[in-house]
Amino acid sequence: MRKHKILMSGLACAIAFTTLFGCASNKPKDDKVTLYITRHGETLFNETGKAQGWCDSPLTEKGEDMAARLGEGLKDIEFSNAYTSTSERAVDTAKIILNDRNVPMHYDKGLKEMNFGTLEGEPGEKLWGDDIDLRFEEGWKKEGGEDFYILGERAKKVLDEIVADDTNKGNNVLVSTHGMTILGILYTIDPAVADSLENGLDNCSITKITYENGQYHIDEVNETSYMK
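The sequence shown runs -24 to -1, 1 to 204 under mature numbering (1 follows the signal peptide of the UniProt record, and there is no 0).
Rather than coming from a laboratory, the hints here were simulated on the basis of the structure. Glycine included, every Cβ here is placed at the ideal spot set by N, Cα and C. You can take every hint at face value.
List of simulated lysine to aspartate or glutamate pairs, DMTMM-like, C-alpha gap at most 25 Å:
(1) K184 / E196
(2) K184 / E54
(3) K184 / D141
(4) K51 / E196
(5) K51 / E199
(6) K184 / D41
(7) K38 / D52
(8) K184 / D68
(9) K71 / D41
(10) K145 / E54
(11) K85 / E98
(12) K51 / D6
(13) K132 / E188
(14) K102 / E174
(15) K26 / E64
(16) K51 / D178
(17) K71 / E199
(18) K51 / E188
(19) K51 / D84
(20) K204 / E64
(21) K184 / E129
(22) K51 / D41
(23) K8 / E199
(24) K132 / E119
(25) K8 / D195
(26) K26 / D41
(27) K132 / D166
(28) K8 / E188
(29) K145 / D52
(30) K204 / D178
(31) K71 / D136
(32) K133 / E196
(33) K51 / D195
(34) K38 / E98
(35) K8 / D166
What follows is a list of derived Cβ distance ranges for each label pair:
(36) G97 / E40: 20 to 26 Å
(37) K38 / K8: 32 to 38 Å
(38) R77 / K38: 21 to 27 Å
Please work from the sequences and hints to get the whole structure.
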């Protein structure tokens, strides 16, 4: 009888342990990913009004200050990973924002700016001119450059890879990229939001997008209040 009681007690403990720990391990992990997407800080070409796509120019002193202020505004947000375009201006912006925080940094060409072809480095008015309203038209591009829809597709592909990464599920992610690239991403999610941004995106603004249950949700666009 005593052996029977001991056996039953052991079985009860085993069931309780399984309930407390075994089932918990089978609980599906939160798949929500919160993306804090920023446009790089002001650059020399931004300051001088030159077209800047795949070509690059350094951050100005103001641009570095903007990135530092954004870093201050984001300092209490824990990031599982940071992703940046391979362009120096985006990389430097991300590094200043993180300020030596222990966050893994990933570099992806898919986050680069739109390729403006033969007009890279030319005055901005030569790039856009009367074509500013055509920038979202399918097939519109400058000679040797890139179609806006191709830009959106390549950037969105990177986002899809980010949200699929198990280390990002249930976490926040920093993405440092470019103005037209962010517009391209927005256009793939909700064209009306991209269309509403007639003046583009501000340097070091935050566009916050969440991914949950297989869907992207645009929470904030071109928000500059994060800069402190």
